[in-house]
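Let chain X serve as the given structure and place chains W and C on it in line with the hints.
Protein chains in written order, with my numbering: chain X, 1 to 310; chain W, 311 to 670; chain C, 671 to 814.
To be clear, the hints were calculated from the coordinates, so they are not data collected in a lab. All clues given are correct.
Calculated lysine-lysine pairs in the BS3-like style (CA-CA distance at most 30 Å, straight line):
id : chain 1 : residue 1 : chain 2 : residue 2
1  : W       : Lys326    : X       : Lys54
2  : X       : Lys206    : X       : Lys32
3  : W       : Lys326    : X       : Lys206
4  : X       : Lys58     : X       : Lys32
5  : X       : Lys32     : W       : Lys326
6  : X       : Lys54     : X       : Lys32
7  : X       : Lys58     : X       : Lys206
8  : X       : Lys58     : W       : Lys326
9  : X       : Lys54     : X       : Lys206
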Amino acid sequence: MHTLLTLGELLLFPGLAYLVTVALLLAWVDRKALAVLQGRVGPPIYQPLADLLKLLGKEDLDTEGSDARLAALLPMISLACALTAGLMTPVGNHAVISFEGDLMVTLFLLSVPTLGLFLAGWIVPSVYNMLGGNRSLLQYFCYEVPLLLGLAGPAALARTWRLAALMSAQSAYHWHVLAMPVGFAVATLGLIGKLERVPLDTPHAKAEIGAGPLTEYSGRKLALWRLTAWVQTLVGINLMVAVYLGGADVVWPYWGFGVYAVKVVGYMGGLALVQALYARLRVDQVAEMSWRLLVPLGLLQLAVTVWMGA
Amino acid sequence: MSRVTVPIGPQHPLLKEPIALRLDVVGERVVAAEIEIGYVHRGLERLLQGRTFQQGVAVVERICGICSHAHTTAYCQAVEALIDVDLPPRAAAIRTLLCELERLHSHLLWLGVLSEAIGFTTVFMYAWRDREQVLDAMELISGGRIAHGANVVGGVREDVSPAQAREVLTMLRQLEMQLGLYQELVERDRSFHRRTRGIAVLSAAQVQAYGVVGPMARASGATLDIRRSAPYAAYGWLEVPAAVTNEGDVWARAWTRVQELQHSIDLCRTLLSALPAGPLARRVAERVQAGEAVSRVEAPRGELFYYVRSEGERTAARVKARTPTLPALLAMAELLPGLQTGDIAAVVAGCDLCMACADR
Amino acid sequence: MSERPVWWQAVEAAVGAPLAVDAVGGGEAVIDVAAERLLATVSALRQAWPALHLTAITGLSIGGEVVLLYHLLLDGGLTLRVRCPGAPPNAPSLAPSWPAANWYEREAHDLLGVAFKGHPNLAPLLVARDWTGGPPLLPVEGER
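Chain X extracted, bound-state conformation (with noise of 0.2 Å):
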């Protein structure tokens, strides 16, 4: 009954079936509130899914020269480590697994699709491929530690590196990000670059490389890395929504799920916004404003807090 159990809890909820179902939804929300800030229409609910299934018909072309075994196979373990990553954030107030460490281990899932995304281009001879790639690589560089900072005061100010263990902190008193507004918005601008939107969206600047390491892919190639985007996006959501918004239980504990709901969809909105507000940063710039001005804030936050706690 427990195996039954736990399988369920990973292929349907809040495992495979709902993160995909949730991704897939949530793409639309970035879509369409995109679309209203922008005075469009928008897509309808299912543009998504039907995009989704349009590509993994159609023909899956392999580049000449690049290896194919490789190029199928580093989409299907970049989406089983942005699931598995998915597993681990709590969803509601319940994550299927959770271990002291999990947010570490959730962060470094996180990145295996980005290195994945570099070896996608790499593999490819072409010159896109290849500058996408490497700004993807660089990119990786530039976010990887203010986001990694900016979830560290949190953590330092709960004294766990435990998820669950943050969302029940500040049920107990606030939430993070009324504590630490700073650090709110290092770990929300180093999440825009790791997942790549506007204006951090360099490794894939349409106007300059086409699409980046991805330019030479297709048919179910392309469908897995777009899922796995897509399912990036939930996580990393899930993430701040865990560590800095409060989780699911703050107001009321019995509407856990649909408090958390309500969270994640305005956080989508706030990054769309944001990618609406903003013209996309040059490559030089990412590193600039990564190195220059979200590592210091980011320290500074970390240093503020832990002095406060002590």
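For chains W and C alone, coordinates are given in the frame of chain X:
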């Protein structure tokens, strides 16, 4: 670091029309650039030979999809100079009105293209949405959104009724309200400044050396504007303000165009509020006396030049068009080396290329 | 002509002969310049007017002879008319001293086969690279 060649075009998301840029890149910096055009060369200058002068209007209208009215204006003006017919005042005013409306939609299109190139999709959406209104107004007057067919040798074909004038004035008012947004963007938005300030600076000396014209030249301190220096059509009666700045970078090109948006709105208003009465066109003979004529028009992208030669027959002996994109391309080839790859898009979009014009 | 235009003296000195000026429709002047005096004339004009603007180079085929028109803009428009003798027709190239002429000359080379002496690169600009039909604007045997 190794040197790689990044091909941009003839098909690339950055480009709206085919042109091939071959950029040699080391790391993230462009070290050499080569431009190849001619992908949409349709031999229109050859086609114009042996067509009657009236038929030629339809051909030159199809050189470009953005500044089609500027092309017919320049061409008709040259033929009218050959025939030595003067334009009725009402025709001159309507021709000028369409020229300015065209400038509005061309500049808005450009602003959208530039914004998209720097990843600022919101501005792109807004600019193109506002551009739709201008296209609607042009359709209202001429029946066509892109090819207006409004010019004929000796005048114009389309009248502007008082009701149409009111509708266009309403459109202009709505557009002017939106314009504040673009002025704010150009003057204050830091995100926009970061991607456009100090990039690809074109000096006044380079403007002269490459013969750059239009807003791109005016962004580098040149005052060249045919509407002011050699007024044609109704520009003689109008006060055309200068939008000149000295920065010479991509930002200055945006600033110049946004100023010109406001100027064009004002010019359209002035024209619509006092459209002279009178005939729309003079009757002209089909046969044109032998001779040659040149005409210069300030198209949205800059000085558009036409040369027309007649050998006394019903058909044209030679029609030559020099479009503003050619010198812009020459200057662009000079601007690209030394840029970061991330700036290529802003610079190429910022040069306001029209390949159909350049290739003919 | 009652009043001589501002460029008269400079051009006359460079051309080295009394000027014969044609008016062209559109109110701009045309001056005949011998091919070998073209570079000197243009550089004299550029010295006198630093803001001199090269608008276009028009290539014409008139009765079997190729004529080039250099359209300039200073205060008003001014056109230099240069006859290009020879088969293929040739002319001195402005491009080395004035980059603006570069592509206009390539275009004239494409369309009329004019060989510009001293041009850095006369590769086809507009016509296709594998085009073998000859310059499109030159009259073809049997065609009017």
